[in-house]
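**Q** Here's the letter readout for the chains.
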Amino acid sequence: MSPIRIVKHSVRTMARFKLRTGFMMLGSMVGVAALTFVLSAGRAAERKTIETVSRMFGDSAILIEDGGGHFAGGPRGQGSRLKLDDLDALARELPNVESWDPQQGLPGGSVRHGDVTERARVMGESERSEHVWGRKASRGEYFDAAAVKAADRVAVVGETVVRTLFKGEDPLGAEIRIGSVPFRVIGVLEPWGTDPHGMDRDNEVLVPITTLMRRVTNVDTIASAKLLLRNSNDAERTSTEIRRILRARHALAANEPDDFTIITPAEVRGMVAQVQKVLFLYLPLVAGVALVVGALVSAILMLVSVNARTGEIGLRRAVGAGIGDIRLQFLVESAATTIAGGALGIALGYAAARAAASRMHLGEVELITTLLFGIAASTAVGLLAGTIPAMRAARLHPVDALR
Amino acid sequence: MIELQHINKTYTRPTGEAVHALIDVSLRIQRGEFLAIAGASGSGKSTLMHIFGLLDSPDGGHYLLDGEDVSGLSVKQQARLRNRKVGFVFQSFHLLPRTSALENVELPLLYSDRGSTRGLGRKALEAVHLSDRIHHRPSELSGGQQQRVAIARALINEPDLLLADEPTGNLDRQSASEVMALFQALNKAGRTIVVVTHDSEVAAHCGRIARIEDGRIVSDHPVPQPKNLMEAAQ
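Chains as they are written, first to last, in the working numbering: chain A, 1 to 403; chain B, 1 to 234.
It is worth saying that the hints were derived from the structure and are not from the lab. Accuracy of the hints is not assured; some may be wrong.
Claimed, not checked - Cross-link-like lysine-lysine pairs, in silico, DSS-like; alpha carbons within 25 Å at most:
no.: 1; chain 1: B; residue 1: Lys123; chain 2: A; residue 2: Lys8
no.: 2; chain 1: B; residue 1: Lys227; chain 2: A; residue 2: Lys8
no.: 3; chain 1: A; residue 1: Lys167; chain 2: A; residue 2: Lys136
To be verified - Here are a few chain B residues that face chain A, going by a calculated C-beta distance under 7 Å:
no.: 4; residue: Tyr11
no.: 5; residue: Pro14
no.: 6; residue: His50
no.: 7; residue: Val70
no.: 8; residue: Leu73
no.: 9; residue: Lys76
no.: 10; residue: Ala79
no.: 11; residue: Asn83
All figures in this text were calculated on a predicted structure; none of them were measured in a lab. A virtual CB, placed ideally from N, CA and C, is assigned to each residue, including glycine.
With the sequences and hints as input, model every part of the structure.
**A** And the structure:
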């Protein structure tokens, strides 16, 4: 009465019923693949989000946006009041501000070089942007304070711009036109990839903010600014101070809403937590439904099989099988099948996650994570699909089963 | 060697109605006997066979197998004993589909704790004259051949008792004769066989007939001259 012999026998039995076995495998494969895919791709997306968010905000930065209202959409109050002077004042009055960079942009600006015109994100920044955003020039150089002061027509371009506009030609020293204004390329930005909004951050042209405001957009307000803090523990207090100063400078009455928005590290952390919730709660929940359905399909097929094989169960009991032997056989049959299906599901889910990650620039998908999730999911399916039919088979009285 | 003493068995139907399947049944079977238990359907003969085969336990009375009282064994002990001491042959053969004759015959070995079992399956198939059908599946065999595979399966563990429940019920005349001839040959070689049947023609091949009606043994006597199919075959 060796269990090993019964295990081997059970696996052979499953191999004889290819259609049923195939459908059971399919059921567990689809469920496991869905869950593996969502969790592995989710892991990659989470890593990518945290990486980009921390690169954009750091954990010791405050973002100020022109216009009131809430971060990331929602109605905004009256805007276009934030000026370069406001930032100078903040930097002057708040000792916790280590450095700051104002921004003004031209989202879909047309950039021309020779006969080629491309759309790119044109950003006006200060010379401190290199430090504040932590993004350097990989070739050439960044514009300096003098260039910003003099509103020089110089530009630093991203790698995508180099590829599309210059087509492999050396961009340094070349002339580009933003709208009709000519600029001289003095540097190339180090690559950054895609940001959380799916925007290609290498398709950018950075110019001194003064030049952009005076010669291209012709405005005197800025869109946003990033402030680096010396002490991130004081972020909340600094944020309160910023609000007080800006409201005073904009002469807002007590009942008037802010005409700017302040984003603190706490809010950024909240945003990341929100993303994590979607990636690891809502999406897996949906995939979990697929897993449960797959498990149910397998369980029902196994139950049907137990019913159809009542006579066989009776016979096995008659020739000496104990209750445990019958239970073991049916457990092994369903477990072997669903785990084999699960293995295929893991492979499928991993391949899909890799494909998705590469399409969405999420970086590497960890095989080990995928394996862990997949094995856990397969085991869950196997237990679910195996236990109930096996118990049912074992409970049959031999006399009834033989009838 | 096999003795039933005052066996009672009562079932409860799903409707709550009690069915007295066996009432005070006593029966003694000697080693090497060939006994027919004859009776109409519903007479209690199947219940009697289930108790003989340790598939069911009596509510009262004692069952002595090989001198050992087995009426109070646990389900697990019963299963072990069935594997070692009892071989079953059923009306509907109960062969595993898509499985070769040899593997079907070897099925009881799966649940046995015997050491070496190599070659036993082939030997058992030889004993039922099916050496040339070892790798055939049930669907490739005739009814008579399938029942002979089932008999080989029942014999593989050299049981003390061979129990057959209407073994010819699903067979044509020719195959039925073959199966009965096989039983007679096995009995002649010393095997104890109990056949449960409603067919007096089948019973006439046995050495002794016990008739059962409404759960009681109503007659029990030897057959003076059993029909001898082995001689007829020769």
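**Q** Which numbered hints does this structure break?
**A** Checked against the structure, the hints that fail are numbers 2, 4, 5, 7, 8, while the rest are satisfied.
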